[in-house]
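Trainee: Residues per chain are reported as follows:
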Amino acid sequence: MSQSQSAIDQQVSQPYKYGWSTDIESELAPVGLNEDIIRLISEKKKEPEWMLEWRLKAYRHWLEMREPNWANITYPPIDYQAIHYYAAPKQTKALESLDEVDPKLLETFEKLGIPLQEQKRLTGVAVDAVFDSVSVATTFKEELKKYGVIFLPISEAIQEHPDLVKRYLGAVVPPTDNFFAALNSAVFTDGSFVYVPKGVKCPLELSTYFRINALATGQFERTLIIADDDSYVSYMEGCSAPMRDENQLHAAVVELVAHDNAQIKYSTIQNWYPGDEDGRGGIYNFVTKRGRCMGASSKISWTQVETGSAITWKYPSCILEGDNSIGEFYSVAVTNNHQQADTGTKMIHIGKNTRSTIVSKGISAGRSQNTYRGQVKIMKAAENARNYSQCDSMLIGDQCGAHTFPYIDVRNSSAIMEHEATTSKVGEDQIFYCKQRGLSEEDAVSLVVNGFCKEVFRELPMEFAVEATRLLSVSLEGSVG
Amino acid sequence: MLEVKNLHSGVEGVEILKGVDLTVKPGEVHAIMGPNGSGKSTFAQVLAGHPAYEVTGGSVTFEGKDLVEMDADERARAGIFLAFQYPVAIRGITNAYFLQSALNAVRKDQGLEELDTLDFAELLEKKLEMIGWDDSLIHRAVNDGFSGGEKKRNEILQLAVLEPKLAILDETDSGLDIDAVKEVAAAVNRFRSEDRAFIVVTHYERILNYFTPDHVHVLAGGKVVMSGDMKLALELEAKGYDWIAGEAAAVAG
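Chains as they are written, first to last, in this note's numbering: chain A, 1 to 481; chain B, 1 to 253.
The reader is advised that the hints may include incorrect statements.
Unchecked claim - Under the rule of at most 30 Å between Cα atoms (straight-line distance), these lysine-lysine pairs were calculated in the DSS-like manner: (1) A:Lys425 / B:Lys126; (2) B:Lys25 / B:Lys165; (3) A:Lys454 / B:Lys108; (4) B:Lys126 / A:Lys454; (5) A:Lys454 / B:Lys151.
Since the hints were made in silico from the structure, they are not lab data.
Computed from a predicted structure; not experimentally measured.
Given these sequences and hints, build the entire structure.
Mentor: Encoded structure:
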């Protein structure tokens, strides 16, 4: 306690710690989006012809699509022609090793708490660091290779493992899935690729850290994780961006595939710049994340802590195809000031005896709006499916909103569904009780909120749990009193 | 230690305390008795600094410091403890963690080293031994799903850990059967000392049979209308509070 407490104390005076930017020369694609830009991206990435075709097809489809408007969020129209779709720190030649990476970049990640140099690396965690549109470095690549685990920037995977990429890219989230997924499919620049072979329990936590730096750029990363039969992998994703007055677009796609008896645990701490107190600036975060439990007895577990972004539109989902497969979604979404979050999950039960668990904790403060939107669908063939959903909302102050939209669609009468929902207010009495025992107001709020989120935090890997606790107190700074 | 002079206080413009005077010295136990609605619990809350109550007149000093100017957490760290009549639940936070956080907040304020989890566990064990209770409450979330009796016992456990200079017990006996009252009073007795004072707010005298006060005050209509010793408490038990009404009218007149 004493350590995390003093960490909180240090934090409360700095609302968004990651708001600085790195002064580095970058190579930018011309502003705007057209087929030439897509060709340019594909060329920059030295992609094979089939990849370019895949992108162009997605782009042509995207042109026909309209931005979704069903979410409980409002924002001025996004000008898709005012964005740079490719930004990369300039480098003159191909890098042979980490020693050749621009020290400014290494410094950037070190400042973010993600040291990439050999001697300072996080133990037990392999990191892929993505800066704007490119992967800067991937640690522990060689060590993982010994186990047959492939952990590469997706741009390298396209070149080195085209068969795997061809087979799985778009197999979970087709390029035509939705407006933002189509856009991502056309212009995605980097992200991580993971393949865990049969019977392998990945010996390290894998992690990607995304950093948006350049002005007026979008970040469109693509992550693809495949767990073959009887394998296990735990993957963590973190992100941040400088404070800028303009809104920046982030539209990612994450696809997970779990084969027979495989297990994927995917954890996110989303800390994109949320905008200032008056709602100026911040990241628009439109993300499609989905996992397919293709194999029998496979399991996919999503855990997310969403504290950043001006707008969050995100529904990490599971398609439970294999018999006895399991889908889990644990979420904490915190909104403060003028932030808007519309987030939740979809659990699609197809196989027999499939089970899903949803635990969602929404915390709203300031003038923010926090929406849980979830769907549980039990298909005809899904005999004996089970779902447990729990949606809890907490309000801090009286100018924020919490909304819950659970959709339930059951087509097999053997299904067992449970749904619980609560809304509570951080009461003056709770805070007074804590203060009467000597805790400061900030610590009191942090304690009450952390207790509220506990069921989700305990699902996080150790390194992330500490970070999550700290972030929460920072996000809610000044929200009481 | 505590000096209350002509204290006026109320909530949302309604005056509840209408000139309370009270002096408490280290080592003393004061009982505040009175009928329902007399302002007993308000007095306890005002001393602890509940933000809903506004102090509209008079003064309260604690060890020479102006309490009215201090926030609730500052008062707590200065050594004032309130055992709540209705303790509040905090989901997902264990009692042990809560107590450790609270104790460390106090220790930090006093310039003492904060206790790590192991040192704290040791201290907690000692305290439990001292009051003769098992550790069944400490790993549960704070007051979450506790029975009425467990909540009251938990308040006393917190008192035991935080070792305040002045402990205010707000109707700690209410809702407890006679055995539980005895048990709680026995635990509190362990912490009676020359430098610690108690204010026991209660409707009934029965807890005072096990936790004998040095002074008994009767609060009625927002004022202390009568002061005495244990005999006064027994008289009240025999005659009821109606008997006081006449006395109060005489004081007011």
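Trainee: Next, verify each hint and record whether it holds.
Mentor: Structure-based check of all given hints:
Of the supplied pair hints, the one linking A:Lys425 and B:Lys126 is violated, its CA atoms being roughly 36 Å apart against a limit of 30 Å. Simply put, B:Lys25 and B:Lys165 have alpha-carbon atoms about 11 Å apart, close enough for the 30 Å limit, and the pair holds. With a C-alpha separation of about 26 Å, the suggested pairing of A:Lys454 with B:Lys108 holds against the 30 Å cut-off. This hinted pair checks out: B:Lys126 and A:Lys454 have alpha carbons roughly 29 Å apart, not beyond 30 Å.
For the proposed pair A:Lys454 and B:Lys151, the alpha carbon gap of about 22 Å is at most 30 Å, so the pair holds.
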